[in-house]
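Could you put the whole structure together from the sequences, leaning on the hints where they help?
Mapping to numbering that gives the first Met the number 0: the sequence shown position 86 is 85, numbers consecutive.
Keep in mind that the hints are not guaranteed to be accurate.
Subject to a maximum C-alpha distance of 25 Å in a straight line, what follows is the list of computed DMTMM-like cross-link-like pairs (lysine to aspartate or glutamate) [what the hints assert, rightly or not]: (1) 180 <-> 316; (2) 252 <-> 321; (3) 252 <-> 286; (4) 326 <-> 352; (5) 163 <-> 150; (6) 180 <-> 321; (7) 252 <-> 338; (8) 326 <-> 338; (9) 326 <-> 313.
If you anchor each label on the Cβ, the simulated ranges turn out as follows [stated by the list, open to error]: (10) 121 <-> 361: 22 to 30 Å; (11) 184 <-> 77: 19 to 27 Å; (12) 74 <-> 274: 15 to 23 Å; (13) 205 <-> 75: 39 to 47 Å; (14) 349 <-> 74: 39 to 47 Å; (15) 281 <-> 361: 45 to 53 Å; (16) 278 <-> 156: 14 to 22 Å; (17) 252 <-> 78: 34 to 42 Å.
Hints are computed from structural coordinates only; laboratory data are not their basis. Each residue gets a CB set at the ideal place from its N, CA and C atoms; glycine is no exception.
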Amino acid sequence: MKKKRWKRLLGFGAVSVALSALVACGGSESTGGSPTAEAEGDTPAPSGAVVDLSISSFMPGPHPQHTDLFEPFIEQVEEVTEGRVTGTMYPANALGESNAQYDLVVNGVADMSMALHGYTPGRFPLTGVTELPFMGGNAVESTEIFWNLHEQFPEIAEEHEGTKVAWLFKNDPAQLLTVDKPIQSPEDLNGLRIRTPSPAANGILEAYGAIPVSMPMGDVYEAMQRGVVDGALAPASVITNFQLADVTGYITKGDFYTSSLFVVINPNTWSQIAEEDQVAIEELMGEAMAFKAGEIYDEDGEGGWNAAREGGIEIYEISDEELDAWKAPLEHLNEEWVEEMEAQGLPGQAIFDEAIRLRDQGE
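Right, dumping it as structure tokens:
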């Protein structure tokens, strides 16, 4: 039987104790160094150094990104390092809220973390190009665009300052999930309160006349159940992973955009790992993991659609003939994004043009 690789910390006291312990030890049982990210260029630890990685995530414990990606990753890390590097998962925001996941790693509270870039608005402006409407297809196709942009433009890599990027990826496309009102045209959204995960999604909803309500995925079930929001802009994968089938009556399939996610490592923790183990772990990360994460999301999305159909949720798929009416209100968002980036002295036009080229190349 496989050993469980994740922990669910319950209650304020448990979380407080965990945080205190992690901060005291720099986010790892064995690092003992400063929790800051200043050690990125430090000399790796001597051979034989042992490190247990605390891995934080906003997703619930049994999420496929944990069971199908992180658990095998941890096992592979232990194998290639002969047990010198191990890992323990802390899912469901056990170590900090969704919008704190990046800083948990920067500040050494966690050694690794995973979350959406959009949960920290303004921190990753150039990364936002991949969240513009209809920028890419499924999770794998969108991940390919994102990874290529990250490799080509150092300005995107620099947005992840204070951490070491393990892999970056995209989820399955966002759809419109509503509680009790079918959405068959942009006008049907007018005045509705719709959950959104990021500024990019805010722009889409505002263009359709909806009222965006910023909210992490873990809060959406209760918000829809209690009528705080009328629906959510979210991928089909959440129907099963966050049990939204219970509170969703209708889905409009439009593949409006995809969210970007990061997996990052605290550089100080990384420096405590022996050089030969760093080399071995590097081979497990990067592009291959990014695409694997995307594949899992696409498979997960199919599972969500199947669950929706089996659960009697009414699905309305936007036809090719109707698509122009949905795209027209969003055309200004691309121009505004480029102008905003250029005004900040960032290469918005070059990055946008390359993103479009990569998207069209993949179609």
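Indices of hints not satisfied (ascending): 3, 7, 11 and 15
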